[in-house]
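Put together the whole structure using the sequences plus the hints.
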Amino acid sequence: MKRWGLMLALVVGYGVAFAAPVVIDQFNDGKKENALGGATGAWFDPEDKSIYCRAENDPAVFFGLAGQSLRLEYDIRSQRENTQRPTNYSVAFPVTVSNPAFNGYYSIFPPQNLERHSHLIFWAKGDAERGYPRSFKVEIKDGQTAAGYVVEGLTDRWRRFAIPLREFRGIRDWTNIKEFVIVFASEANRKDGAIHLDDIYFAESEEQNLSLPAEEMTIAEPDRPLTVDGDLRDWPKKAWHDIADATRVELGARSGKKDAAARFALAWDADNLYLAVQLTDNEIVNNEEGDALWKGDCLEVFLVPGGTEFTWGDPAVYQLGFAPTSAAGNPGRWAWFQRRAPKNDETRVVWSKDRRAVEIALAWSFLKMAGGVNRDLGFTLAFHDADAKDVTPECKLNWSFGTTGTRRHRVGKLVLR
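The sequence shown: position 342 = 376 (the working numbering), numbered continuously.
Quick caveat, the hints were computed from the structure, so don't treat them as lab data.
Cβ atoms here follow ideal geometry from the backbone N, Cα and C, with glycine treated the same way.
There could be a bad hint or two in this list.
Said to hold, decoys possible - In silico lysine to aspartate or glutamate, EDC-like type, Cα no more than 20 Å apart, as pairs:
hint, residue 1, residue 2
1, LYS291, GLU213
2, LYS66, GLU107
3, LYS212, GLU238
4, LYS447, ASP410
5, LYS65, GLU107
6, LYS159, ASP263
7, LYS291, ASP303
8, LYS171, ASP263
9, LYS66, GLU213
10, LYS225, ASP109
11, LYS291, GLU250
12, LYS402, ASP424
13, LYS171, GLU213
14, LYS175, GLU213
15, LYS329, ASP424
16, LYS272, ASP303
17, LYS272, GLU250
18, LYS377, ASP263
19, LYS159, GLU238
20, LYS65, GLU90
21, LYS225, ASP82
22, LYS402, GLU317
23, LYS292, GLU90
24, LYS387, ASP268
25, LYS447, GLU249
26, LYS291, GLU238
27, LYS175, ASP207
28, LYS292, ASP303
29, LYS291, ASP424
30, LYS225, GLU317
31, LYS225, GLU186
Said to hold, decoys possible - Listed next, with one range per pair, are the computed distances between beta-carbon atoms:
hint, residue 1, residue 2, range
32, ASP279, ASN321, 45 to 51 Å
33, LEU266, ASP410, 21 to 27 Å
34, ALA397, ALA326, 35 to 41 Å
35, ARG441, GLY165, 38 to 44 Å
36, PRO93, GLN372, 34 to 40 Å
37, LYS402, ARG441, 18 to 24 Å
38, ARG206, ARG409, 25 to 31 Å
Written out as structure tokens, the structure reads:
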């Protein structure tokens, strides 16, 4: 998974006062303490040797483009459950004591004020080989009380769970949250199994993310030559990919998909890589030019000829910006790592009249590579939305982007067919 440090720096850099998420853990460093410096671990009844819960970091399984996850393996098939005990009234007819077993995982941290936060968010998946529960319980504690919520719908694929904090009805003091807990008990539909967790945090909104999905896409040569004219009707329906849902929000906030959303399609031939983008935007705003083009409404295209991982600023990598308008009153474009505007024969760009659709032809010669079958390259598309008239002045959607180290990043993968 990507680290939140860079994301926070970007939010501050944009000058927008979004509340940073309270990150409980991303499990990247393999430490036993959480991201807030508190203790973590498995908990269970030490007197019951027939049950267990094991907590360990797993470097082979993680959400996003890099990192680790938390793997919890549990067994609550207790030999002490449903035991029979004789009573003072009858030895022959003992009473059955249910004595249900339970265990789980805890993460303790210094008191956190969550008055500006609205959701507990995490990613989870079941271990298909070991088996997994369809549901389990999460709890948070404020030092006085504990409140729980049953998570349902777990599968063997990563799923994002966003739980409104109002669902934790027993919490009395939202300025003093001290603990996050996983419980395997009667809520679990099976008494043994394993799950993975990643990116556990308290968010200001349902769409606030720490990591974006790892993606791979295969693109083909078009059936007929493409005309770069801003008319998207000649692109086949199966070619389109959305970056519109909550998992694509890299930073900022929006009032909904009508405020900011995008879909895109790609194709290639011997001369060019073609990109078509359809935007949903309630207001077109960009009063910048040149290397400041990103501050307004702007598409950002990352292309990495050597793979999916790169160092920020590497001139062999391309971070290209395409804006529907600019301070000059006409569409703008910029290549940040090359520190110049691409020429017309390097990037042919045609916007529709309403500035919400664009077709772009990126010359392979400009990218210093050749297109060809089975060739692959790193790619992502981002849409930075700026608004002047509503309460969500900034939002950025991204297809596939992550941070793997200091100035090191990773994007999604394109394979040419």
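How the hints compare with the structure:
A hinted pair counts as satisfied when its Cα atoms are at most 20 Å apart, and LYS291 with GLU213 does not qualify at roughly 34 Å. Of the supplied pair hints, the one linking LYS66 and GLU107 holds, its CA atoms being roughly 16 Å apart against a limit of 20 Å. As the CA atoms of LYS212 and GLU238 are separated by approximately 18 Å, the hinted pair is consistent with the 20 Å bound. As the CA atoms of LYS447 and ASP410 are separated by approximately 7 Å, the hinted pair is consistent with the 20 Å bound.
About 18 Å separates the Cα atoms of LYS65 and GLU107, which keeps this hinted pair within 20 Å; it holds. For the suggested pair LYS159 and ASP263, the alpha carbons sit about 44 Å apart, so the restraint of at most 20 Å is broken. Pair hint LYS291 plus ASP303 does not hold up; C-alpha atoms about 33 Å apart against a cutoff of 20 Å. Note on LYS171 and ASP263: the hinted pairing is violated, with a Cα-Cα distance of about 53 Å set against a maximum of 20 Å.
A threshold of 20 Å between alpha carbons decides the hint, and for LYS66 with GLU213 the separation of about 15 Å falls inside it, so the pair holds. Restraint check for LYS225 and ASP109: satisfied, since their Cα atoms lie roughly 6 Å apart, inside the 20 Å limit. Using a Cα cut-off of 20 Å, the hinted pair LYS291 and GLU250 is violated, with the two alpha carbons roughly 24 Å apart. Under the criterion of a C-alpha separation no larger than 20 Å, the hint pairing LYS402 with ASP424 is inconsistent with the structure, at around 42 Å.
Straight-line distance between C-alpha atoms of LYS171 and GLU213 comes to about 14 Å, which keeps the hinted pair within the 20 Å bound. A threshold of 20 Å between alpha carbons decides the hint, and for LYS175 with GLU213 the separation of about 5 Å falls inside it, so the pair holds. With a C-alpha separation of about 16 Å, the suggested pair LYS329 and ASP424 falls inside the 20 Å cut-off, and the hint holds. A threshold of 20 Å between alpha carbons decides the hint, and for LYS272 with ASP303 the separation of about 18 Å falls inside it, so the pair holds.
With a C-alpha separation of about 15 Å, the suggested pairing of LYS272 with GLU250 holds against the 20 Å cut-off. Note on LYS377 and ASP263: the hinted pairing holds, with a Cα-Cα distance of about 17 Å set against a maximum of 20 Å. Using a Cα cut-off of 20 Å, the hinted pair LYS159 and GLU238 is violated, with the two alpha carbons roughly 24 Å apart. With a C-alpha separation of about 10 Å, the suggested pair LYS65 and GLU90 falls inside the 20 Å cut-off, and the hint holds.
Pair hint LYS225 plus ASP82 holds up; C-alpha atoms about 15 Å apart against a cutoff of 20 Å. For the suggested pair LYS402 and GLU317, the alpha carbons sit about 36 Å apart, so the restraint of at most 20 Å is broken. Taking the CA atoms of LYS292 and GLU90, the gap is about 42 Å. The hint is violated against a cut of 20 Å. About 17 Å separates the Cα atoms of LYS387 and ASP268, which keeps this hinted pair within 20 Å; it holds.
With a C-alpha separation of about 6 Å, the suggested pairing of LYS447 with GLU249 holds against the 20 Å cut-off. At roughly 18 Å between alpha-carbon atoms, LYS291 and GLU238 fall within 20 Å of each other, so this suggested pair holds. Using a Cα cut-off of 20 Å, the hinted pair LYS175 and ASP207 holds, with the two alpha carbons roughly 9 Å apart. About 34 Å separates the Cα atoms of LYS292 and ASP303, which puts this hinted pair outside 20 Å; it is violated.
Restraint check: the Cα-Cα separation between LYS291 and ASP424 comes to about 14 Å, which is no more than 20 Å; the hinted pair holds. Taken as a hint, the LYS225 and GLU317 pair is broken in the structure, with Cα atoms around 52 Å apart against an allowance of 20 Å. Only pairs whose Cα atoms come within 20 Å are accepted, and LYS225 paired with GLU186 is accepted, the gap being roughly 15 Å. The hint said 45 to 51 Å for the Cβ distance between ASP279 and ASN321, and at roughly 29 Å that hint is violated.
Hint check: LEU266 to ASP410, Cβ distance near 25 Å, so the stated range 21 to 27 Å holds. The supplied range of 35 to 41 Å is broken by ALA397 and ALA326, whose beta-carbon atoms lie about 25 Å from each other. The given range of 38 to 44 Å is respected by ARG441 and GLY165, whose C-beta atoms sit roughly 41 Å from each other. At about 36 Å, the beta-carbon gap between PRO93 and GLN372 stays in the expected band of 34 to 40 Å.
For LYS402 and ARG441, the Cβ-Cβ distance of about 21 Å falls inside the hinted range of 18 to 24 Å, so the restraint holds. A hinted range of 25 to 31 Å is violated for the C-beta pair ARG206 and ARG409, which are about 59 Å apart.
The structure fails to meet hints 1, 6, 7, 8, 11, 12, 19, 22, 23, 28, 30, 32, 34 and 38 from the earlier list, while all remaining hints are met.
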